[in-house]
Amino acid sequence: MSLIFPRTGLQAHPLNNSPEYRSTLKRAPSQPLILLPHTLSETSGPVFGHAAVAEGDSDLTRQHAGEPLGERIIVSGRVLDEDGRPVPHTLIEIWQANAGGRYVHVKDQHPAPLDPNFTGAGRALTDAEGRYRFVTIKPGAYPWRNHHNAWRPAHIHFSLFGPSFLSRVITQMYFPGDPLFPFDPIFQSITDAKARERLVSRFDLQTTEPEWALGYQFDIVLRGREMTPTEEPHEH
Amino acid sequence: MSIDRKAPLELTPSQTIGPFFAYALTPRAYGGKELATEQVAPEGVAGERIRIEGVVYDGDGVPVGDAMLETWQADAEGRFNAAGNAGFTGFGRAETSAEGAYFIETVRPGALLGPNGAMQAPHLTVSVFARGLLIRLATRIYFDDEPGNTADPVLALVPEERRATLIARRGADGVYRFDVRLQGEGETVFFDV
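In order, the protein sequence lines correspond to chains A and B. Residues in the first sequence are numbered consecutively from 895, following our numbering. Residues in the second sequence are numbered consecutively from 19, following our numbering.
Honestly, the hints are just simulated from the structure, not real lab data. Some hints here could point you the wrong way.
Derived pair list, reagent style DMTMM-like, types lysine to aspartate or glutamate, alpha-carbon separation capped at 20 Å [as the list claims (entries may be wrong)]: (1) K920/A to D197/B; (2) K1001/A to E113/B; (3) K51/B to E949/A.
So here's chain B without its partners, still in its complex pose:
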């Protein structure tokens, strides 16, 4: 069957977040009410507590001190927007510091179904916004100690030599390290979504 549809409306184009978003989007230093923070999982949320931290760099290796990262993820059971679970929203927001650093504290997401019935390894979906980016950059954070990475259908689309840019490395202190390189050597893989 076919359905007659009118021509679609045209999308509203993106523009840069600019340098001055903090007092609205990440307003802690301004005393404003935050929509979401680096603390994604309030007390009582089920799952293994993890911390991810890193630095956002530009093409010269200079830290980007005016970026905002947003993370989106499934809960420990691999569910999005599940009712209950202590109010876990799965959404995090972090502004980089003057040194380009950010962190996210959350629970390790579960594996979930992907295209054509394949299982996706645990990951966070990430948007990077900054002055100088006219449209957000989309990437993913995987974890280096997840055996499911080798069968992940999205990682499989990425040339092998660039795959490591999507994988957070767990240090001796248990913290996962995930740097974002916007441009040049070791450039993070960004997705066309």
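Excised from the complex, chain A in its bound form:
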């Protein structure tokens, strides 16, 4: 399959210069980006096979001796390209806070308890139809110091590669109806409301397993369209 990578969809992304999110102030470049023609260096990318993912990596509730605390959930969906075709066998890495809103990371100082039965990191490869599935715990909201009384809406970080350097993306998946959305400068850094909605997972009864776990669907669209022959100019 030969792909091209149009730039037309890129306006969905937030700008690094988003001053409401204060960490951008000293980190966003001040010079304009330089338009790069796509060469082999950009249209190629690393390929990860089954060796990258171990049995059980996609179930974050079974990585320790006991079960983690919190609301058990299933997060599944499809990874697609801009033409709507599945992106098969592509790597997804996720990480998240525990049910109390605390990350395992050593620098997380939020005074909520760590859970000895929850690390919060997972990996999966999409199948031939681009589908993936994680079992985890619904992460808690947590405070941060961006501004007075700042809280992050509950989210799961997603890291994806897709077929090339150009399709590489790291994003965050949110949960439907979170009351913190209007107050979160990271979510709101995406200025188009419809683009923001694409980061909100959908509760799905089909994905939900009776007596076991609530299900959420989250589809991800990566860069890439099929190469098509260009129109030949006709002589008149």
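Put chain B on the given structure of chain A with help from the hints.
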């Protein structure tokens, strides 16, 4: 000819990597299995061994201690994803230290074809992720001892006075130095990809 195509699906927007990615993406200190590391070329990979190191700085010149760099490159023959070659993937991942420092150990990439038949000088393609970056920054690492730099079609797109920010300098110890300045004086050139 033309092909009727339905409207494209809309892209999933990017969000910041945030400050707490290490236990998932660069989990050595947490005892986790690493997808990729600073060691890009296992033993047996053909090519000249090189080390690149540097510091990531913010707009105040303060080291960025919570960034992740990913590198992507051709092998010594200028090929991507070539079969064999001792399992060389061409992909590296490095977390900055508390002092903002990173390093990559790999083989010197070969030259490769660029736009319109021009040859590209050896380079690494780099993504920079960090708290405070809502979308990754894309840049390239070239090498100061490569004569092909003068004819490189991508370097030619960069204003001459900023070109040096893309070129790693080899020290007396043989190590290439490549600092990343996110903002302000000496700001690294980042690309719109």
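Hints, verified against the model:
1. Of the supplied pair hints, the one linking K920/A and D197/B holds, its CA atoms being roughly 16 Å apart against a limit of 20 Å.
2. Restraint check for K1001/A and E113/B: the C-alpha separation of about 14 Å stays at or below 20 Å, so the hint holds.
3. Restraint check: the Cα-Cα separation between K51/B and E949/A comes to about 13 Å, which is no more than 20 Å; the hinted pair holds.
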